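**Q** Residue strings, one per chain:
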Amino acid sequence: MKNKKPKLAVFKLSSCDGCQLSILDAEDELLAVLGAVDIAYFPEASSRMLPGPYDIGLIEGSVTTPHDVELARQIRKDCKVLITIGACATAGGIQALRNWKDVKEFTKIVYAHPQYISTLDRSMPVASFIHVDFELRGCPVNKYQLIDVIVAYLNNKKPNITSHSVCMECKQKGNVCVMVAHGTPCLGPVTQTGCGSICPSYDRGCYGCFGPMDSPNTSSLARNIEARGETKYDIMLAFRGFNAYSEPFRKESEVYEK
Amino acid sequence: MKNRTIKVDYLARVEGEGALYIKIKNGEVDDVKLKIFEPPRFFEAFLRDRKYSEAPDITARICGICPIAYQMSAVNAIENAFGQVPGGQIRELRRLIYCGEWIESHTLHLYMLHAPDFLGYPDVVHMAKDFPEVVEKALKLKRIGNDIVKTIGGREIHPINVKVGGFYKVPQKKDLKQLREDLLWARDAAIDTVKFTSTLTFPDFEQDYEFVSLCHDIEYPFNEGRIKSNKGLDISVEEYDFNFIEEHVEYSHALHSRLRARDNYFLGPIARYNLNYDKLSPIVKQVASDLKLPREINNPFKSIIVRGLETLYACDEAIRIIDQYEKPDEPSIQINPIEATGNGASEAPRGMLYHRYRINEEGLIMDAKIVPPTSQNQKTIEKDLKHFIPSRVNLPEKELVLQCEQAVRNYDPCISCATHFLKLHVEKEN
Ligand code: SF4
Ligand code: SF4
Chain A
1 MKNKKPKLAV
11 FKLSSCDGCQ
21 LSILDAEDEL
31 LAVLGAVDIA
41 YFPEASSRML
51 PGPYDIGLIE
61 GSVTTPHDVE
71 LARQIRKDCK
81 VLITIGACAT
91 AGGIQALRNW
101 KDVKEFTKIV
111 YAHPQYISTL
121 DRSMPVASFI
131 HVDFELRGCP
141 VNKYQLIDVI
151 VAYLNNKKPN
161 ITSHSVCMEC
171 KQKGNVCVMV
181 AHGTPCLGPV
191 TQTGCGSICP
201 SYDRGCYGCF
211 GPMDSPNTSS
221 LARNIEARGE
231 TKYDIMLAFR
241 GFNAYSEPFR
251 KESEVYEK
Chain B
1 MKNRTIKVDY
11 LARVEGEGAL
21 YIKIKNGEVD
31 DVKLKIFEPP
41 RFFEAFLRDR
51 KYSEAPDITA
61 RICGICPIAY
71 QMSAVNAIEN
81 AFGQVPGGQI
91 RELRRLIYCG
101 EWIESHTLHL
111 YMLHAPDFLG
121 YPDVVHMAKD
131 FPEVVEKALK
141 LKRIGNDIVK
151 TIGGREIHPI
161 NVKVGGFYKV
171 PQKKDLKQLR
181 EDLLWARDAA
191 IDTVKFTSTL
201 TFPDFEQDYE
211 FVSLCHDIEY
221 PFNEGRIKSN
231 KGLDISVEEY
241 DFNFIEEHVE
251 YSHALHSRLR
261 ARDNYFLGPI
271 ARYNLNYDKL
281 SPIVKQVASD
291 LKLPREINNP
301 FKSIIVRGLE
311 TLYACDEAIR
321 IIDQYEKPDE
331 PSIQINPIEA
341 TGNGASEAPR
351 GMLYHRYRIN
361 EEGLIMDAKI
371 VPPTSQNQKT
381 IEKDLKHFIP
391 SRVNLPEKEL
401 VLQCEQAVRN
411 YDPCISCATH
421 FLKLHVEKEN
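Line by line, the protein sequences are chains A and B.
If you count by the working numbering, then the first sequence holds residues 1 to 258, one letter each, in order.
If you count by the working numbering, then the second sequence holds residues 1 to 430, one letter each, in order.
So that you can see chain A by itself, here it is in the shape it has in the complex (with noise of 0.2 Å):
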């Protein structure tokens, strides 16, 4: 057994394909790490699907339909390391806009038949069913990132991912502040690094795709941005995004609501 290469597993619940691309995406090293590694089961890139148990899971994508719940709790108990990628996996994603809302209304709005869709009222993350080992931010999650991960699980180490802001990375690539300089409302004080502050780079403000960071001061910015002269509504929509449902993010959305 010894020499046996570890086995990765890929799952998805629902979700866009965008972050378990994003290994498909990282041409350059992709055949170093799916050399390092037995591709057990990974439907979007291999017909060979192996049954666990599997060293390393990853999942993609929220928990939204009871089929999803079962399918959580049976991957926990096949894989030794689980590993939740993305924010549909690790705040309930863009999809779970619908848990302010009433998930019949959303499905007579999309289906001529409601009644053949089964489906849950909300789209939580992964971590709230199962315990989770790690959680990687991200809509879709940086390929290096997530390469470092499932390095570091091969090696039985913690992964090295910083948790501060988006903007200690824009202020380290010298980039004039979006919301000093030009006045464009952006979450970067409170979103989790690791993008490599991109939108500033490109002259707009943050939207949050990486979600909060530890202890991110939403009450602050949300109160800096409506003296810019934002709409509560504004505000609202700007916490309400792709990691709508991460705490703080929902809790300031929840504040500009009324």
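Hints may be right or wrong, so weigh each one.
[As the list claims (entries may be wrong)] Only pairs whose alpha carbons sit at most 30 Å apart, straight line, appear in this in silico DSSO-like list of lysine-lysine: (1) A/Lys173 - B/Lys173; (2) B/Lys137 - B/Lys173; (3) B/Lys327 - A/Lys101; (4) A/Lys7 - B/Lys398; (5) B/Lys327 - A/Lys173; (6) B/Lys327 - A/Lys171; (7) B/Lys177 - B/Lys195.
Simulated from the structure, these hints should not be mistaken for lab results.
Computed from a predicted structure; not experimentally measured.
With chain A held as given, fit chain B with the ligands onto it using these hints.
**A** Structure of chain B with the ligands alone, referenced to chain A:
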């Protein structure tokens, strides 16, 4: 062997989740169902009451493989509503970022999802053991597509720089220099790709299809054109809703589309190629004619060759755009929202993608309709299987399943768009 059911519970190497169910009775195909069980994500519903300016960022999340297509169809529809459409270099940059997505997505599909079928491998990693140079070249080609998307869009998946009216920031001429160098290499790699795919063995399978794509007067289509077919359809994008119907069937989360006047239709690379051959650049036509490829292709398995040709086109077009590029004064035009409804379509790598938005005077989206290519092709995929299986019905189960899966993958179905998923299930009655 006369009666059986074939079930593929989880279709691999497609994007999203789907299953296939085939029932054979007395040696005849009794029923074929392509089941899309990707859970619905309700994009059309939660776009309501969001700002028009958020649509490109939100709809990108429908699909990680072709986010540009969603962003482009969204901006096209919204700009159509407001009657404000950017031209000049902004229009060219939109074509350029689309070239990037075509190169990246076609190369991914061609080498990583589809070629293993033809060569008998479960995946590209196994294929790489026997074809190391081919796979390494493929990965580099794909990366160059991604580099275009990243340069213009900020990142490969869910770019952040696409905006209604243009871009947040546009590149300097010098930012595109490295891309141009790489694209010269990519153009040769794409020619090799076409040669490689044309040596594959194709099942003998031709059908009489109705092909549908955008058709532009002078360009191979990305963002503009009328919607035309080889059977006489010729309408503007605004007339989409009158001519296409979406039906909700019990076994699938994807809606089924058909033409009101006729029935199912076929979108994607083959459709574009057949309807727009004369708009391809000279180098693409030259390669096609050197390899004696017909001007009209009716065998869906040959979509893998056409993906190669379109990759070549995209490399060539990208070079053209870069060569004439001058940085525009403003990255976007000023947008003034009005109360209106707008329609937009663009050519995703896997086929035409239609969006419609109704927007109020404050610029909030009142309702949205999004029809992804997979839901439009779904009926044609099922019909293909109905015609494909009879002559193969006595194959061993494993082989039959493989061939059916390959027939589905011809379409590069992208099933995450569970605004609307895939699993094989063949039933034979004994
Ligand atoms: S987090 Fe974003 S990129 Fe990742 S699967 Fe979800 S929607 Fe797609
Ligand atoms: S700046 Fe913010 S919104 Fe933009 S990519 Fe980074 S985390 Fe996402």
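**Q** Hints first: check each against the structure and report whether it holds.
**A** Verification of the supplied hints:
no.: 1; hint: A/Lys173 - B/Lys173; in the structure: holds, 22 Å
no.: 2; hint: B/Lys137 - B/Lys173; in the structure: holds, 27 Å
no.: 3; hint: B/Lys327 - A/Lys101; in the structure: violated, 44 Å
no.: 4; hint: A/Lys7 - B/Lys398; in the structure: holds, 25 Å
no.: 5; hint: B/Lys327 - A/Lys173; in the structure: holds, 23 Å
no.: 6; hint: B/Lys327 - A/Lys171; in the structure: holds, 26 Å
no.: 7; hint: B/Lys177 - B/Lys195; in the structure: holds, 28 Å
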